[in-house]
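Student: Spelled out from the first residue to the last, the chains are:
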Amino acid sequence: MSISVKVMKRPEAGRTSYMRATLRGMSLTLRHLVRPRSVTLEYPEEQPDLHPRWRGTHRMEVHADGRPKCVACGLCPTVCPANCIRLVGGEDDQGNRYPIVYEIDEFRCIFCGMCQEVCPVEAIHVGQHFENAEYTRDRFVYDLDRLMEQDHPVTDLWDPSDPRSE
Amino acid sequence: MRTVTLTIDSAEVTVPKGTSLLQAAEGLGIEVPHYCYHPGLTAPAQCRICLVEVEGAPKLQPSCVTMAEDGQVVRTDSDAALRMRKGVLEFYLVNHPLDCPICDMSGECMLQDYVFDEGREKGRSREPKRVFGRDDFGGDVLYYGDRCVMCTRCVRFMDEVARDSRLTVVERGSRAVIDTFFEEGLEGSPFAGNVVDICPVGALVSKDFLHKARAWDLDHTPSVCTSCSQGCNIELHTRDNLVQRLKPRANHEVNGHWMCDYGRANYEWYNRAGRLEEPSSGRGGKRRGGDWKSALEHLFVRLVELAGTEVRVVGSPSASVEALGALLALAEAAGGAASGVFRSRRAESEDPMPGFPLLVRRRDLAANVDGARLLGFERVGDDEAAGGLEEVAAHDGIVVVLGDELADQSADFGGEAALYVYMGHFDSPAAGNADFVLPITTAAEEEGTFVNAQGRVQRYWQGLQPLGAARPAWLVLGALAGALMGGGTPASAAKAFAALAAAHAPLEGLSHEALGELGVALAAEAAHG
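Residue numbers (my numbering), protein chains in the order written: chain A, 1 to 166; chain B, 1 to 529.
I should point out that these hints are in silico values taken from the structure, not numbers from a laboratory. There's no promise every hint is true.
[Claimed, not checked] Output of the computed footprint for chain B on chain A, the stretches with three or more beta carbons under 8 Å from beta carbons of chain B:
no., segment
1, 69–76
2, 84–93
[As the list claims (entries may be wrong)] Ranges between beta-carbon positions, derived for each pair:
no., chain 1, residue 1, chain 2, residue 2, range
3, A, 67, B, 239, 24 to 32 Å
4, A, 153, B, 291, 51 to 59 Å
5, A, 101, B, 207, 16 to 24 Å
6, A, 108, B, 291, 32 to 40 Å
7, A, 162, B, 31, 33 to 41 Å
8, A, 62, B, 286, 57 to 65 Å
Just so you know, even glycine gets a beta-carbon here, dropped at the ideal spot from N, CA and C.
Please build the complete structure, drawing on both the sequences and the hints.
Tutor: Right, dumping it as structure tokens:
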């Protein structure tokens, strides 16, 4: 197959007037000066509306008595494509299986939301949250207590029976 | 042997007379679901999940007890069989808690598998489930009554194989549970751990393994139990470069489907911290860490300088045949006599499995006692693996210690030696005088072979990455012996074994490939000669 080259016609220098284009641009600028259309969000005074399926940093749901809902089944570290979840299971004094260690490295996380999708007890969620700045890198490894403290809204994941979230 | 020919799922198969339909189908690679049937136990045909359609029979037949007959036409996947099995599975799930996320069996559970393959998508039961909670059966065994499918494999195992009837079914119908007779339960039974393996669901679980790892997360490596000279075939289940548990591997010549609790519990030493991690040289306070290249070069130079000096070697009954063979080859190359000593712990008595007499917890509590004897090592010391090394300790020639931790020896050990080489997993006070301390791998970190008490040569495979710079003993010793003799370094454990088999008559004709996963028995006179 031969390669065809499309030759673009360009205005020739010295034979084309830019006056018309300049005037059109100036008129647009003038129009905005008179009737401004604001697109700038005055963050942080104004907060953006996040999409219902926005996937941000995680949150662990808790029972009414303050225990984490997680049962340490091991599905989220297994499904996690970024391998960012560390889980060590154990048993509490009432004989319930619970996570002794549950850590998510938010730097490593790719926010795919598969951990939330796979969770059989709806414990781990990705959240509608994006303000995560910290002073040190190690603060981005969220441990169980930190995940349970998070109180931002959680993400609605894609529902195959309701693909448009209606 | 009389054989019968029958058709299963439109494939024709010829099997010995007396084979059940389930086993015949297994030979064709067709798995018929089953709970109560286990190849090592009798089949009571009570779980009703292995029903198949046999042409001419008025009803579906339980394939585990229906014997194959000439001209039979069997359908394991006919509409009637599938419908019936679906119904049976629905009944199993009426009271099952469906707690797979917190169940230790999840991932290797036969109820999970069959329901996923053939069961209903959604249950129709509206009634509340009956709840039993869990029961401590003693020993290493926990019982979750809610998950039980009443296959009674555990009851039959204790009756038929352990011959120690400690379990039974109490109550009837939906209230039926497995229970123990007395307070002690399974405590003290040397084989009770097997009921956890044969439980098809998560009803019987190991306390030791509880919540430790998920079954689907474990890597399985075929190996040989190192706890006694029976050499039960096992699987190492590993994760995060640690051995998480041991499971028996079927070998009908050695251990059937079973292993003893002593061997099953004895795996923590693979994961023990404080191992030797780098080769070092220099006596006492002058000991310096280094790399293998310089350590082996210096050791080689010393061996050449001392050529012709008398060599005393101390082997270990836990070292592989390859390692012990290489140790003798090195001793020979360095100019000494090709014989050595080893010490091993011995139990007071043997512990045979009553229903499977081939499996015996042997007196020798190390895997390769018979391999060491076969190669010409002599056992010294007492039953606690102590003493017997006075001559070696005061030897003024070359002393090589492989794998023996010298726990009972004083810091003077090898003080007179012209050259003292200590190779082991752990450092020892008696290694203080060693000119070279070389770290070697454990049986979980290397390939090799053991010879068991029946004279059976069995292979084990590498399941873990070696710790630090630890290397297999056959490699280290083989490299030195090769350099001294001009033969070169063995490239693999298989090559090391092949060289050994060529030099030692009892092993003649054997190779790693010929040993396979199940091992080969040596001729009786060779094994005990």
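Student: Could you work out which earlier hints the structure fails to respect and list their numbers in ascending sequence?
Tutor: none
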